[in-house]
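A.B. asks: Next come the chains, spelled out residue by residue.
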Amino acid sequence: GESVGLHLPTLSVQEGDNSIINCAYSNSASDYFIWYKQESGKGPQFIIDIRSNMDKRQGQRVTVLLNKTVKHLSLQIAATQPGDSAVYFCAENESGGTSYGKLTFGQGTILTVHP
Amino acid sequence: DGGITQSPKYLFRKEGQNVTLSCEQNLNHDAMYWYRQDPGQGLRLIYYSQIVNDFQKGDIAEGYSVSREKKESFPLTVTSAQKNPTAFYLCASSALLGNEQFFGPGTRLTVL
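Protein chains in written order, with the numbering used here: chain D, 1 to 115; chain W, 1 to 112.
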């Protein structure tokens with residue numbers, strides 16, 4: 001089946017810097033994308049989502065960009081804080097396909113924020 | 001954790017024993033899901049349920065079984081047929097199939 005993958009498995013930044021986490025997806029029919037944050041030993045926590053009819057969506061300190069032409073998704077975190085240290089997963093869903101309702105998760109990127 | 005509870009947080013079992021992991025949600029969500037996560041890996045879908053008394057196999061259903069007798073409950077049984085059951089198990093729910101999923105805190109199962 002098709003899958004979602006990440007370009008960089010680890011990312012280290014200094015506190016206060018902006019972070020960019022990337023995700024490539026292969027299913028061109030995917031139309032819903034989510035970013036999750038997972039802290040050690042805990043379940044994933046929803047950060048932000050975006051549908052394919054949008055290119056950009058902003059939340060509190062986070063922005064998701066979607067480039068459907070190259071099937072690329074990114075999560076930007078502004079003024080990164082030590083509490084942002086976690087594993088970040090992108091997930092995708094194809095609402096009209098046979099896999100409807102099933103999120104496909106990427107491998108994850110470990111973000112480490114140094115004080 | 002968004003109104004989803006999983007118990008226990010840590011579970012130890014001897015090889016060859018069946019074990020049932022609990023998942024309860026009070027969000028009135030129709031859809032529920034079970035995922036398995038191995039160290040340094042993403043989430044893999046085991047089973048999902050769109051509605052009460054209905055469930056579908058995910059990508060790695062072999063060696064697992066589920067039931068959905070109540071809307072708020074979706075227990076997962078790890079059977080002795082599962083060759084490598086030691087993992088972190090995550091339950092999730094969504095209002096409808098395909099919507100944003102909310103996750104529970106997870107159960108770490110170790111088979112000795």
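In case anyone wonders, no lab produced these hints; they're calculated from the structure.
Being a predicted model, the structure only gives us computed values, none of them experimental.
Please note that the accuracy of each hint is not assured.
[As the list claims (entries may be wrong)] Straight line, CA to CA, 25 Å or less: simulated DSS-like cross-link-like pairs of lysine-lysine:
1) W:K14 to D:K102
2) W:K71 to D:K102
3) D:K37 to W:K83
4) D:K42 to W:K9
5) D:K71 to D:K37
[To be verified] Chain D is faced by these chain W residues, among others (derived, beta-carbon under 7 Å):
6) P8
7) P39
8) L43
9) L45
10) L90
11) E100
12) F103
13) G104
14) G106
We treat Cβ as the ideally placed atom computed from N, Cα and C, and that holds for glycine.
A.B. asks: Let me make sure I understand: some of the numbered hints might not hold for this structure. Which ones are they, in numerical order?
C.D. replies: 1, 3, 6, 7
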